[in-house]
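Protein chains: 4
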Amino acid sequence: MYQSVLDEIYDEVQPLVGQGPVASYIPRLASVPADKFGMAVQMVEGSLYQIGDAGERFSIQSISKIFVFALALKHAEDAIWERVGREPSGRPFNSLVQLEYENGVPRNPFINSGAFVVTDIVMSFTADAKRYLLEFVRMLAGNPDIQYDYEVARSEADHGHRNAALANFLKCYGNLRCEVASVLDAYFTHCSLAMSCVDLARASLFLANGGRIPQHDDPIISPEQAKGVNALLMTCGTYDEAGDFAYRVGLPGKSGVGGGIVAIVPGHASVVVWSPGLTPGGNSLAGIRALELFASLTGHSLF
Amino acid sequence: MYQSVLDEIYDEVQPLVGQGPVASYIPRLASVPADKFGMAVQMVEGSLYQIGDAGERFSIQSISKIFVFALALKHAEDAIWERVGREPSGRPFNSLVQLEYENGVPRNPFINSGAFVVTDIVMSFTADAKRYLLEFVRMLAGNPDIQYDYEVARSEADHGHRNAALANFLKCYGNLRCEVASVLDAYFTHCSLAMSCVDLARASLFLANGGRIPQHDDPIISPEQAKGVNALLMTCGTYDEAGDFAYRVGLPGKSGVGGGIVAIVPGHASVVVWSPGLTPGGNSLAGIRALELFASLTGHSLF
Amino acid sequence: MYQSVLDEIYDEVQPLVGQGPVASYIPRLASVPADKFGMAVQMVEGSLYQIGDAGERFSIQSISKIFVFALALKHAEDAIWERVGREPSGRPFNSLVQLEYENGVPRNPFINSGAFVVTDIVMSFTADAKRYLLEFVRMLAGNPDIQYDYEVARSEADHGHRNAALANFLKCYGNLRCEVASVLDAYFTHCSLAMSCVDLARASLFLANGGRIPQHDDPIISPEQAKGVNALLMTCGTYDEAGDFAYRVGLPGKSGVGGGIVAIVPGHASVVVWSPGLTPGGNSLAGIRALELFASLTGHSLF
Amino acid sequence: MYQSVLDEIYDEVQPLVGQGPVASYIPRLASVPADKFGMAVQMVEGSLYQIGDAGERFSIQSISKIFVFALALKHAEDAIWERVGREPSGRPFNSLVQLEYENGVPRNPFINSGAFVVTDIVMSFTADAKRYLLEFVRMLAGNPDIQYDYEVARSEADHGHRNAALANFLKCYGNLRCEVASVLDAYFTHCSLAMSCVDLARASLFLANGGRIPQHDDPIISPEQAKGVNALLMTCGTYDEAGDFAYRVGLPGKSGVGGGIVAIVPGHASVVVWSPGLTPGGNSLAGIRALELFASLTGHSLF
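Chains as they are written, first to last, in the working numbering: chain U, 448 to 750; chain V, 448 to 750; chain P, 448 to 750; chain G, 448 to 750.
Derived by calculation from the structure, the hints in this document are not laboratory data. These numbers were taken from a predicted model, which means no experiment stands behind them. Note that beta-carbon positions come from the ideal geometry of N, C-alpha and C, so glycine has one too. Please note that the accuracy of each hint is not assured.
Cβ-Cβ distance ranges computed for the label pairs, FRET-style [said to hold, decoys possible]: (1) P:ASP458 with G:GLY493: 40 to 46 Å; (2) V:PRO670 with U:TYR548: 17 to 23 Å; (3) G:GLY746 with P:ARG624: 34 to 40 Å; (4) U:ASP605 with G:PRO462: 41 to 47 Å; (5) U:HIS606 with V:GLU626: 47 to 53 Å; (6) U:GLU459 with G:SER629: 35 to 41 Å; (7) P:PRO591 with V:TYR548: 34 to 40 Å; (8) P:PRO727 with V:GLY714: 54 to 60 Å; (9) P:PRO591 with V:GLU626: 49 to 55 Å; (10) G:GLU598 with P:GLU671: 40 to 46 Å; (11) U:GLY714 with G:PRO474: 19 to 25 Å.
Here chain U stands alone, though its shape is the one from the complex:
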């Protein structure tokens, strides 16, 4: 059934593919062809379904926040909730306003400021956060060829004044322990991960599977932690469009400005879609529609 669902979605979303602007704040992202569309579904029981450009790598950008957060949760859960909230922000992902009114405590781990704090936490228990995350993601995806795209990372840093503003702001509130420059370097590098829909579907399967992956005896995170991540993705995973995403798709999801979206069907599957054209809120335009169709056709909406 799932393959025919993907076929139907593929046909249905074609008019939307290429709609919406591609992220253009760095050259490497701007040069991605707008007409890409790929989708992959990794079932908990082992099957994998894919369509379109599902095997082509793209810049996962903010989707990396899931993996960094999982590492922090695994090793230092207590530290997180003293320094980050878990409420939707009601403001764009890179807003400084809220941070000022709330004295340097980011609203949740999936806005940029929250991700800086989470990165800072990961840096507190590993000497090389970049290597550490890369190996973690390769292991989750079962693909040792996954790489950072250092040109993207450098480009982000060159255009990263707003992120530098956020990070310095956190630092002045005492909510970063490491140096601003090294946190930003780790963050930009993490965001530069190049992965395909298939890679991402495999790498995020543990969230659909109570914290476990088939190739490992030990859980990645506990079942309760997996539920917590999914809850956060539901309320905070798609920027300032999280409410609309929940309304239309009804699944926890995390999007990236590169046009990727990871959605989780707890107990069943991880679903990944990629198409670079974006909504005004910065989420993949065709991707949201594809996930909406997926939830509707499979009955997998949580609601």
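Given the coordinates of chain U, work out where chains V, P and G should sit on it, guided by the hints.
Showing chains V, P and G alone in chain U's frame:
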């Protein structure tokens, strides 16, 4: 099983019952004994479970927003989304700040300003919105004895300057069609509904049941609309603690300042808890813990 | 000299007269011909100079805040500074944002919320604030024919939802003692005063003259109070353009949305200009230019 | 007369000297004895009066903004008003909130973000902005021994995360041309100027004297520009207490967190006071009182 789950929850939450301040901005709410605790579960298949003060009426307050919204959805869905958003607010339920920055379009239907717009919409298709809602709720609950508590409604109006500010603000942005005073009157009256946990569990069952109730052939709302309401409850139903509620409970829910919370297990049950002591965010303190235990003991978290 | 200065200004500003939109939120203001221009200078030593439509009455609107504030200062100075600040607002005159962040204490007496509090203070020591202000202004101007324009006042009330929002907001913070409706009624009535440039120049002379008027032995307010009012007018008198007004004109001033501006040359004169076309900030466009020329040609800038 | 005025002030403010916390965010400022008090008056006609610690150097901090701004005004006035406003901010001097809401255009040149833009402008027409400002200030003060305190500058940089946040924020809005690091370096160095009350009184005399200084034939800035600076100082010179300063003192003034305040009596004198204990708003507590007494005893309030 459900009865023993309720028994276990009842014992477990006793230390929390009576903790947290009771709403005190109007005398009638302030006089409610803090040590009340009731819980009711209405299964889709028909069984009803209850414990403690589940049969005692209390002021449902903001929980009434569910029913008013369902009426608007049923009769005028298109009008809603032109005048209200569906994003979490990131601000207290009665904040004017966001309304000013966003030019009079409330963030979602479950903050006060959003509920005023929804009330205004309901008033556009019925001459007597108060009578209309009362009959709707009586029908849903199968209880013709449900009443408004007009003393509570009057008291709300007397202390309702902040709500009057919000409503006038909406009016100046052109987002109320009716007179400010009549919208506020309807709103305060709706909030004054006195219902028990059992009443509320029955009245909200349609959200767990794809929009249908057993005693009716015609659906109350469509399955898609029911999903939409649940999604909104998940991201916006518990004030500025919606993220935390999703994290801990993992179910769509709507709380009221009277200490009631309605939670929905799509496909299975509606669950209602009441205990008047509140968290800083204005949700029932023992109630949230009871729902967290319910989700954990029954495995009914959506995540 | 002053008459020739007025002549020169009159010629110079002609290209600006009729520029800028006339206030249109109520019909009576919208119907004022855009091409009006009048100016009057009342010297402390007694001379009066005027040009153009200086004898024609217009709706003084926010300029009335000066007179209400002077009454409060005279009778209840201590009460003022517990309930209103004296800092520029950095926000539009009718913003609710600041009021929420600063817990119901208006930034200064010349934004609307501040004027409501000042009106409330005046209402605390007189049974009929409307009559009281009218007599005060007639006395200051030496003109018993000055009247309220009740049609304007009614119209303001009909379109006054934003002001009603502000006043209700103050009330919910406990910063209004009287009923919201009666404060608004007094405020709208005060704003409806119809006066000419000549009337206003005479009525505001006490601010240029250390708190005194020629026709009275007793001072209206003390010299220190007069200085204080002028200081407030300098930093807060022309809405969100106070900094620009200080930069260009260099005199304390109060504007109204009817197109009038009162400026004070301490120790020398009161200067009033009227022209209905407004800047984006809501100040008379030709009026500001006229006052800039006046300060430049006479050397009366304070700086 | 002025010497006896200073004597009287000196006695009068003694109870306030040592009151209020000394700036403590960098060690060098924290170590300044709290009981310092000095005052100097430089008359336009040439006399100099002083009392207390008027000859002792202190860290002028934000007072340096006057001199950097005068340089920008002299060489690139047009560039300024496209990139900085001239309205009071209504927010603390280092707030990011306003900058976000107003898209990276600082409210005025005397809040930190505004000073960064002004510094950036100065850096556009001189290769060495630090050397340039130092020579300018030495020339104005007639004192070639004035120096930067590089330890203070370094310390500021080490604790300057909030300023780094502001500067990066400006950069991301395109409102800084030079590199963030070099603008901050120039800014922190400028702020580290060590000058005495006497130095500062001489150096700011041009603002009281229509833009001229006795030792120079060419004006420093034009008379109109000098008026403009004074107007800005009146509405924006003392952080979020500018309204209160205007109300109590009635003179244009610029304060620094080191406890210095420069006030201008246009046409007559520049007046400088220094005492390190601060008000909650960051202005010298005894200094404001001393200036209030000065204005009152000499009748030099502008109002």
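### Query
Quick check: which numbered hints come out false for this structure?
2, 4, 6, 7, 9 and 11
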